[in-house]
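Student: Given next are the chains, with one letter for each unit.
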Amino acid sequence: MSQPKDFGFSEDISMLKETFARFLTDKKPINMLRPSLEGTEDPYHGSIRTGFYDEETWQQMVELGWHAVAVPEDNGGIGMGLVAAVALAEEIGQFALSTPLSATLQACFLLREIKSSAADQLLTDIAAGESAGLAIHGEQGSLETDSTDVTFADGTLTGTAWYVTDAQKLDHFIVAAASDNGVGLFRVASNQPGVSLHPDRIVDLTRDQAHLVFHQARAETLCEPGKGEHCLQAALPALLTLAAADIAGAAEWQLQTTAEYAKVRQQFDRPIGFFQAVKHPIVDMMIQTDETRSLVYNAACAFDYDKEDALRCAHLAKSNASDTASLSSQRSTQLHGGIGFTWEADIQIYHKRQIHSQFLFGDGTWQRKKLAELI
Amino acid sequence: MSESRLNNEQQEFQEFCRRWLIENRPEPTKTPLPQAAYEVVDEDHRIYLCDWQAKCYEAELIATDLPKEYGGHGHTGLQQIASAEVRRAKVPYFINWIGLGMTVPTLLAHGSEEQKKTFLPPIFTAEHIWCQGFSEPGAGSDLASLQTSAEKQGDLWVINGSKVWTSLGHFAQWMLLLARNDKQNKYGGITYFLAPMDHPGITVNPIHKMTGESGFNEVFLDQVEIGDHLRVDEIGAGWKVAMSTLTNERGAGVGVGAVAGESPKLVMQQVIDLAKGTIRNGQSVWDDPIWRDRLIKMYERTEAAIQNARRSKVKALNGGAMRIPLQGKVTGSEISQELHHLALGVLGLKSSLYTRDENAADDGKWALGYMNTYTGTISGGSSEIQRNILGERILGMPKTK
Numbered sequence: 001m002s003q004p005k006d007f008g009f010s011e012d013i014s015m016l017k018e019t020f021a022r023f024l025t026d027k028k029p030i031n032m033l034r035p036s037l038e039g040t041e042d043p044y045h046g047s048i049r050t051g052f053y054d055e056e057t058w059q060q061m062v063e064l065g066w067h068a069v070a071v072p073e074d075n076g077g078i079g080m081g082l083v084a085a086v087a088l089a090e091e092i093g094q095f096a097l098s099t100p101l102s103a104t105l106q107a108c109f110l111l112r113e114i115k116s117s118a119a120d121q122l123l124t125d126i127a128a129g130e131s132a133g134l135a136i137h138g139e140q141g142s143l144e145t146d147s148t149d150v151t152f153a154d155g156t157l158t159g160t161a162w163y164v165t166d167a168q169k170l171d172h173f174i175v176a177a178a179s180d181n182g183v184g185l186f187r188v189a190s191n192q193p194g195v196s197l198h199p200d201r202i203v204d205l206t207r208d209q210a211h212l213v214f215h216q217a218r219a220e221t222l223c224e225p226g227k228g229e230h231c232l233q234a235a236l237p238a239l240l241t242l243a244a245a246d247i248a249g250a251a252e253w254q255l256q257t258t259a260e261y262a263k264v265r266q267q268f269d270r271p272i273g274f275f276q277a278v279k280h281p282i283v284d285m286m287i288q289t290d291e292t293r294s295l296v297y298n299a300a301c302a303f304d305y306d307k308e309d310a311l312r313c314a315h316l317a318k319s320n321a322s323d324t325a326s327l328s329s330q331r332s333t334q335l336h337g338g339i340g341f342t343w344e345a346d347i348q349i350y351h352k353r354q355i356h357s358q359f360l361f362g363d364g365t366w367q368r369k370k371l372a373e374l375i
Numbered sequence: 376m377s378e379s380r381l382n383n384e385q386q387e388f389q390e391f392c393r394r395w396l397i398e399n400r401p402e403p404t405k406t407p408l409p410q411a412a413y414e415v416v417d418e419d420h421r422i423y424l425c426d427w428q429a430k431c432y433e434a435e436l437i438a439t440d441l442p443k444e445y446g447g448h449g450h451t452g453l454q455q456i457a458s459a460e461v462r463r464a465k466v467p468y469f470i471n472w473i474g475l476g477m478t479v480p481t482l483l484a485h486g487s488e489e490q491k492k493t494f495l496p497p498i499f500t501a502e503h504i505w506c507q508g509f510s511e512p513g514a515g516s517d518l519a520s521l522q523t524s525a526e527k528q529g530d531l532w533v534i535n536g537s538k539v540w541t542s543l544g545h546f547a548q549w550m551l552l553l554a555r556n557d558k559q560n561k562y563g564g565i566t567y568f569l570a571p572m573d574h575p576g577i578t579v580n581p582i583h584k585m586t587g588e589s590g591f592n593e594v595f596l597d598q599v600e601i602g603d604h605l606r607v608d609e610i611g612a613g614w615k616v617a618m619s620t621l622t623n624e625r626g627a628g629v630g631v632g633a634v635a636g637e638s639p640k641l642v643m644q645q646v647i648d649l650a651k652g653t654i655r656n657g658q659s660v661w662d663d664p665i666w667r668d669r670l671i672k673m674y675e676r677t678e679a680a681i682q683n684a685r686r687s688k689v690k691a692l693n694g695g696a697m698r699i700p701l702q703g704k705v706t707g708s709e710i711s712q713e714l715h716h717l718a719l720g721v722l723g724l725k726s727s728l729y730t731r732d733e734n735a736a737d738d739g740k741w742a743l744g745y746m747n748t749y750t751g752t753i754s755g756g757s758s759e760i761q762r763n764i765l766g767e768r769i770l771g772m773p774k775t776k
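Those sequence lines, one after another, are chains U and R.
FYI, the numbering for the first sequence is 1 to 375, going by the working numbering.
FYI, the numbering for the second sequence is 376 to 776, going by the working numbering.
No wet-lab data here; the hints were simulated from the structure.
There's no promise every hint is true.
What the hints assert, rightly or not - Straight-line Cα separation of at most 30 angstroms, DSS-like style, residue types lysine-lysine; simulated pairs:
#1 R/K651 <-> U/K369
#2 R/K651 <-> R/K640
#3 R/K651 <-> U/K263
Whenever a hint applies, use it, and build me the whole structure from the sequences.
Tutor: Next up, the structure:
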């Protein structure tokens, strides 16, 4: 199989991306986020933040069908692939959007690999407007699925799922749990008996995170024990690429914002962008962001058109993106000087989102270790 | 290149190119060719490479899409196929890379009808080798400070001054020459000429590089008389024309024939193989996790360069027509340099063995290649100048100068 030269970025997807970007430009997600951050800035005494997202904005997104972009048509969705989902993810990153959409897109790509009637039902529920996310990490945050701290027995889950992204925003969870027959994937609702959600105090202001404690929580089997790892592995390229796309979008915002600042901030009687000690590091942000963007589009296209090469391309994309997240954040704060170090500057919001993203589904070093096994 | 998107004519031409390049691959030279076209100094290499380029032109792999009145073959949409196939086939490079890569696009954009008809055909056949007379001892990154003078005397221009880093100057029949017609006007006082190298006032002396090779020269111009018909564009328009030449030199131009050479992807694979085959302390360098991480980081960048090139042609995703192409020179040359540097590290002490040493790995090509990568990061606008251009033209930051 070979990829189309244009990354499969069709007219339809181009329109989808533009419409979504216009929608977010009007909404100004950061301005909506700000009030929810009031009084939370003190790391020693600050209260636990609620998992902020604007309910009305999410409902509008659902009405416009963006939540169901990756749900197959048979399940009432739009039936588009990863190229389309990545187009959305990039904009989510660009606008640092607090949303159940990221987790729901991830859930869709995992559910699509399971191919059971229970998985189909959850996809159908997503199409109807329910949100869902992954609860697959153990306490060490390892991606290896046998590290889950949840066990499944007699139709119920017991144990703790860690680092559940955007947990407070979600209606359903897909939980990886071990049993005598291996790892399986299970569905629980966020509000059902036996499921308690413990919000984590995290650095990133645009996401929330929690650990979920299960006490004999009744769970529906999505994927039989023993087959869970296979399904997670099949969905991994999509999860990595979506995370990398979010970083690429945020990095582009960091680049443009820093370049703009260098044009207006005057020191020594000139805009600081005149000085090569400022100009060149910003150009390096662009070079690295462009590498990431190209590798992200390639990885998305490989997933949709050339599955055999998808994992290699996805590791490449997330490896590069993780390093971009780090470089762009460091440069954006440094080159903004004192103002970039303040709570008031949006620069800090993206910086924190990026360092969180850097480690989602493995940082650059881990991706390269996996990549070495493939080439 | 995705084969599914080619039309019938393109597909047929692609098959023709592949067949032709297999059937006509020249026998290797008696002594090995230098790594790149700008290092050729031996006369037998010159003859060999000129013959090869002429043959490729006859086969319509060069000037494929250009009009017939300029010596082209008059096709449409076939040049990129020919160029891709030439690169793929790993055949000898085209010696007239300055003529093809710089003179042709510059004259197409700025030359008179007469100049195009006269000068383009012998470039394609390699009858006329070209060199570039831009840099001077006192004008490198600040090219517009050049001092070589052009004085109008009747119908003639009289040129005095010197040029430096002139690749192929020892073979060239013609030079792309920048000279100053007005000392008071830095940018607007430069005029662009086509200078015949056989003029008695021209002296060419070789310069030896850190590699020990020659290949480039210093050129002295003493009372060199040039007819006004050899001026390109208006008097004082030289800087504008030079920028168009440099855009092509930096890889952002259209191209009329591939200047074949090893792709970064191929070199990357060679370095990975080198790491797998180099045993130290009982394990291969590839099995050392620190080295493997460094190598894969480079692998990532070579892949990114390929995907960048692909994305630059997708309008909806490229972030503007020039954003990616203008990065090509700085990223390409820096990737190549770092890649060669990595190869030296993989080899360890063995990298000390140079080209004539019988125990050297790959005939010493990694040390030689590493040193030669500085050609890429310095010439044609250094990496620092490229970063100025990117910061100013793409990101809109104020001009450094």
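Student: Each of the hints needs a verdict: does it hold here or not?
Tutor: Each hint tested on the structure:
The suggested pairing of R/K651 with U/K369 holds, with an alpha-carbon distance near 15 angstroms, which does not exceed 30 angstroms. For a cut-off of 30 angstroms, the pair hint linking R/K651 to R/K640 stands: about 17 angstroms separates their Cα positions. A hinted pair counts as satisfied when its Cα atoms are at most 30 angstroms apart, and R/K651 with U/K263 does not qualify at roughly 48 angstroms.
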